[in-house]
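**Q** Sequence:
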Amino acid sequence: VTTEANISNFKRQIKSLGFSYDWSREVNTTDPNYFKWTQWIFLKLYNSWFNPKTNKAEPIETLEYPEELKCAADILSAGPDCQEDAGGTVSLDSPRRAYRDSKRLAYVSEAPVNWCEELGTVLANEEVVDGKSEIGGFAVVRKPMRQWMLRITDYAERLLQDLDTIDWSHSLKEMQRNWIGRSEGAEVDFAIADCRLPIADSKIRVFTTRPDTLFGATYMVLAPEHKLVDQITTPEQREVVAKYKSDVAKKSDLERTELAKEKTGVFTGAYAINPVNGEKIPIWIADYVLASYGTGAIMAVPAHDQRDYEFARKFSLPIKQVVYPHSHWTQTLENALADIRKFEVILDAEYGRVIYAEVSREPKAGEILSDFKAFEDTGIAISSEFLNGLPTAEAKQKIIAWLEEKNLGKRTINYKLRDWLFSRQRYWGEPFPIVWKRDANGNLYHEALPESELPVLPPKLDDYKPTPDGQPPLARAKDWVNLPDGSVRETNTMPQWAGSCWYYLRYLDSQNPQTFVGKEAENYWMGAESPKAKVQSPMLADIGLKSTMPGVDLYVGGTEHAVLHLLYARFWHKVLFDLGYVSTPEPFFKLVNQGLILGEDGQKMSKSRGNVVNPDDILKEYGADAFRLYEMFMGPLQDTKPWNTKGVEGVYRFLGRVWRLFVDEKSETEFEQAETTANAERRGELLQLIKLSSAIKEVQPTPAQLKTLHATIKKVTEDLDGLRFNTAISALMVFINEAMTWKTKPVSALRDFLILLQPFAPHLAEELWEKLNIEHRTSNTEHRIALAYAQWPKFDPGLLVEDTLKIPVQVNGKLRDKIVVPADATQQQIETAAQASEKIKPFIEGKTIRKIIVVPKKLVNIVVG
RNA sequence: GCGCACGUGGCGGAAUGGCAGACGCGCCAGACUUAGGAUCUGGUACCGCAAGGUGUGGAGGUUCAAGUCCUCUCGUGCGCACCA
1 VTTEANISNF
11 KRQIKSLGFS
21 YDWSREVNTT
31 DPNYFKWTQW
41 IFLKLYNSWF
51 NPKTNKAEPI
61 ETLEYPEELK
71 CAADILSAGP
81 DCQEDAGGTV
91 SLDSPRRAYR
101 DSKRLAYVSE
111 APVNWCEELG
121 TVLANEEVVD
131 GKSEIGGFAV
141 VRKPMRQWML
151 RITDYAERLL
161 QDLDTIDWSH
171 SLKEMQRNWI
181 GRSEGAEVDF
191 AIADCRLPIA
201 DSKIRVFTTR
211 PDTLFGATYM
221 VLAPEHKLVD
231 QITTPEQREV
241 VAKYKSDVAK
251 KSDLERTELA
261 KEKTGVFTGA
271 YAINPVNGEK
281 IPIWIADYVL
291 ASYGTGAIMA
301 VPAHDQRDYE
311 FARKFSLPIK
321 QVVYPHSHWT
331 QTLENALADI
341 RKFEVILDAE
351 YGRVIYAEVS
361 REPKAGEILS
371 DFKAFEDTGI
381 AISSEFLNGL
391 PTAEAKQKII
401 AWLEEKNLGK
411 RTINYKLRDW
421 LFSRQRYWGE
431 PFPIVWKRDA
441 NGNLYHEALP
451 ESELPVLPPK
461 LDDYKPTPDG
471 QPPLARAKDW
481 VNLPDGSVRE
491 TNTMPQWAGS
501 CWYYLRYLDS
511 QNPQTFVGKE
521 AENYWMGAES
531 PKAKVQSPML
541 ADIGLKSTMP
551 GVDLYVGGTE
561 HAVLHLLYAR
571 FWHKVLFDLG
581 YVSTPEPFFK
591 LVNQGLILGE
601 DGQKMSKSRG
611 NVVNPDDILK
621 EYGADAFRLY
631 EMFMGPLQDT
641 KPWNTKGVEG
651 VYRFLGRVWR
661 LFVDEKSETE
671 FEQAETTANA
681 ERRGELLQLI
691 KLSSAIKEVQ
701 PTPAQLKTLH
711 ATIKKVTEDL
721 DGLRFNTAIS
731 ALMVFINEAM
741 TWKTKPVSAL
751 RDFLILLQPF
761 APHLAEELWE
771 KLNIEHRTSN
781 TEHRIALAYA
791 QWPKFDPGLL
801 VEDTLKIPVQ
811 VNGKLRDKIV
821 VPADATQQQI
831 ETAAQASEKI
841 KPFIEGKTIR
851 KIIVVPKKLV
861 NIVVG
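1 is the number of the first residue of the first sequence in our numbering; add one for each residue after it.
It should be emphasised that the hints constitute simulated quantities derived from the structure, not laboratory data.
Fair warning: there could be bad hints in the mix.
Each pair of labels, with its calculated beta carbon distance range [what the hints assert, rightly or not]:
no., residue 1, residue 2, range
1, L457, E376, 41 to 47 Å
2, Q688, G557, 39 to 45 Å
3, Q829, D553, 45 to 51 Å
4, E376, S316, 17 to 23 Å
5, S171, E665, 18 to 24 Å
6, V820, A674, 50 to 56 Å
7, D617, E447, 53 to 59 Å
8, D721, Q829, 33 to 39 Å
9, G181, G865, 32 to 38 Å
Computed from a predicted structure; not experimentally measured.
Positions of the beta carbon are idealized from the N, C-alpha and C atoms, including for glycine.
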């Protein structure tokens with residue numbers, strides 16, 4: 001319940017997260033222009049909603065809560081420690097997900113899950129626990145209120161299909177595919193037997209992915225929340241059905257899924273007619289059927305669906321096998337039928353029917369078959385009249401054609417993806433640029449504000465809580481809400497996703513006052529044929545890589561955005577693409593998930609474990625360069641890896657070596673002495689005392705030095721491009737270890753090194769670059785500008801060519817020696833040299849040489865027998 | 001249960017099918033030091049005095065050659081989950 005006490009609790013909790021939160025400041029720091037263009041894009045969606053299915057404009061849907069839910073308006077109740085935490089009015093985008101994510105939610109979800117889904121506004125506050133977004137405090141569901149939905153489901157297919165065109169990690173794509181949840185099947189209408197209902201309601205539609213098993217449907221199950229339940233229930237069953245419904249409504253999410261191994265359900269007393277064979281089948285309700293998926297009703301085929309099988313066994317419903325498994329040993333129906341007699345056939349004692357069960361052992365006579373499984377694979381249709389003998393795939397086609405011809409059903413694609421609840425009942429966020437009016441008959445309708453009215457900024461409020469009657473906070477500003485012409489402003493606000501859906505576009509043209517992103521800028525940065533493609537990055541061109549891809553070049557983000565932000569942003573981008581505002585159908589063609597950094601104990605960092613590493617401490621102790629360098633050096637970008645502060649010391653030492661390579665020790669000592677007596681103001685000036693090492697000279701690098709340098713340039717350039725930062729840094733370390741031994745250090749080589757170092761340790765590199773420029777001025781103007789703008793060095797492959805090669809020699813695949821041969825040695829010469837080796841001789845003497853493999857410049861393998 | 005990813009020293013991790021353990025941490029020894037939690041040098045997979053042998057979770061396979069490819073298996077992590 002939103003009470004003063006809870007609000008103050010919530011604020012206290014926010015404070016405990018490490019910052020104080022001033023509610024009124026939130027919007028003041030927000031750029032009104034950004035509000036403006038977000039609202040502008042919303043208006044585009046609103047005014048010219050492009051529906052690819054109908055190719056016509058449709059308004060964005062607003063949704064009132066269904067009437068039957070209004071009764072339960074008040075509260076979802078709160079568990080013991082939720083009472084304490086509750087308070088905020090942060091609504092969730094996906095209550096379903098929130099429920100799943102948070103175990104703590106389980107005991108507060110007194111209301112049925114899909115009730116919450118329909119409402120869409122579980123009021124709770126969000127907290128990051130164990131690196132995961134969890135629902136901390138839990139609060140209330142308010143009175144039913146108006147919500148705005150975006151029809152993302154219209155884009156489900158394209159959002160799915162286009163995943164194939166983008167370079168994202170496999171698992172991330174899988175998560176999106178899973179979330180979209182496409183499944184192909186059919187909708188089938190079952191007539192209700194002895195129906196006393198109006199014609200329109202005399203049938204129940206089910207969704208199935210296995211229409212080929214229609215002949216095996218022996219009963220039907222509706223979700224307890226299905227709208228026809230009350231109407232079809234016979235008077236005798238009314239009481240048990242009502243009780244079951246209310247029991248289910250009280251079940252928590254946990255009880256309803258994880259813990260509920262045992263199927264439950266009750267008979268409604270009604271029957272449906274199986275359209276393929278006219279059989280009368282009982283209609284049950286059970287909570288294993290979800291109201292939110294498909295049509296909220298199923299045809300149960302217990303022989304070929306594990307859940308139906310379990311349910312049927314529990315309630316002694318008939319099981320009828322209609323698919324015979326044939327895949328690996330039978331090709332024809334005759335053989336299949338023969339196999340039925342030969343193999344694992346079980347007679348259902350109660351019903352005298354043949355069922356198939358996947359058995360791992362011989363069933364004993366009279367044994368209860370509860371641990372047998374339904375056969376869910378494909379096979380050959382049997383006991384299915386005109387489908388008999390057809391493999392599953394063909395049987396599906398045939399039955400769908402049959403259903404469509406008889407007007408009893410149709411091919412359907414079903415998605416788990418739901419429309420996107422886009423409104424929030426909180427203060428911050430963009431207000432909708434929408435007003436409400438009444439027509440001549442007094443009916444309420446909504447209308448977009450003209451673009452000239454943008455941005456619609458939130459009014460100043462003294463109190464940022466929702467109103468006592470559950471209206472969003474903006475409703476408190478009566479002057480703002482009520483317009484002179486009698487119309488009323490929408491008081492919902494947009495979610496944070498609204499801004500994050502298009503921010504990357506604004507970056508391209510952030511100062512543009514005319515539009516959210518100029519066409520030219522958009523095309524330059526995002527377009528496939530953009531001029532950017534012609535601006536070849538020397539670093540990429542050298543290694544023969546295409547320098548650009550359309551869209552955002554590289555998106556680095558965590559998996560926590562996998563199914564929300566990244567799906568929403570793709571959706572908006574596609575809408576903008578359809579409206580002609582952007583030039584690519586996808587915004588992020590290349591995306592990398594950086595791995596999670598765990599605590600030093602290898603566990604996820606969390607307050608409760610006390611293994612949290614505070615970046616501020618690391619910055620203070622080792623500096624930003626070392627911190628950055630360490631994070632990049634820890635391991636592959638994508639991997640989850642444990643933090644190790646000792647490792648920071650390692651890279652810190654490396655930076656120290658870089659510093660000592662450049663700086664004269666004596667001058668540094670002088671600086672340190674001066675610094676102790678100087679005040680803070682003079683420190684910058686005193687830094688001038690630090691001079692470069694006298695070993696740094698303007699000389700030509702020796703061939704060996706050049707070889708070291710260019711090997712480093714090559715490695716760092718390639719690794720950087722492949723985001724292999726750890727090995728790039730390793731190469732820089734190798735260079736430094738080598739360069740420390742140089743008596744004379746050529747300026748040119750050190751310059752190139754600093755450019756390579758700059759992406760990893762920008763502060764130190766820039767500092768040393770400046771020192772180089774002060775003491776070793778060159779005519780090259782490029783060297784006088786900041787390092788950040790310096791040209792990336794090119795490596796010269798010619799310099800990496802060796803005169804002689806050290807080649808490993810194996811005998812029967814085992815390393816026995818390494819020989820040194822001229823780089824241009826022929827295969828014959830290498831073979832001879834290998835056999836002549838003193839270390840090799842003992843292994844080949846007295847044996848027949850079967851074969852000698854010479855891998856040019858790499859290896860010799862002598863095969864003896 | 002389903003899907004995906006990953007298993008390499010004491011630790012983080014390197015290795016276009018071609019020298020397993022780059023680089024770093026840690027550890028050992030030494031140098032310089034009044035001192036060292038600074039710096040520098042050398043060593044460091046395992047067994048063995050050595051020659052040599054054994055090693056990339058386990059078992060097979062392909063290959064002249066496997067950490068890498070294939071099959072099975074065990075383990076860990078992540079995601080989804082009564083989705084019809």
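**Q** Now tell me if each hint is right for this structure.
**A** Each hint tested on the structure:
1. Remark: the range hint 41 to 47 Å for L457 to E376 is contradicted by a beta-carbon distance near 56 Å.
2. As the Cβ distance of Q688 to G557 is approximately 43 Å, the hint placing it in 39 to 45 Å holds.
3. Take Q829 and D553: their Cβ atoms lie about 48 Å apart, and the range 45 to 51 Å holds.
4. About 21 Å separates the C-beta atoms of E376 and S316, a value consistent with the hinted range of 17 to 23 Å.
5. As the Cβ distance of S171 to E665 is approximately 51 Å, the hint placing it in 18 to 24 Å is violated.
6. In this structure the hint that V820 and A674 lie 50 to 56 Å apart at CB holds, the actual value being about 53 Å.
7. In this structure, D617 and E447 meet the distance hint of 53 to 59 Å, their C-beta atoms being roughly 55 Å apart.
8. Under the hint 33 to 39 Å, the C-beta atoms of D721 and Q829, about 37 Å apart, fit the expected range.
9. One distance hint, 32 to 38 Å for the beta-carbon pair G181 and G865, is violated here, with the actual separation near 59 Å.
Hint violations for this structure: numbers 1, 5 and 9, all remaining hints satisfied.
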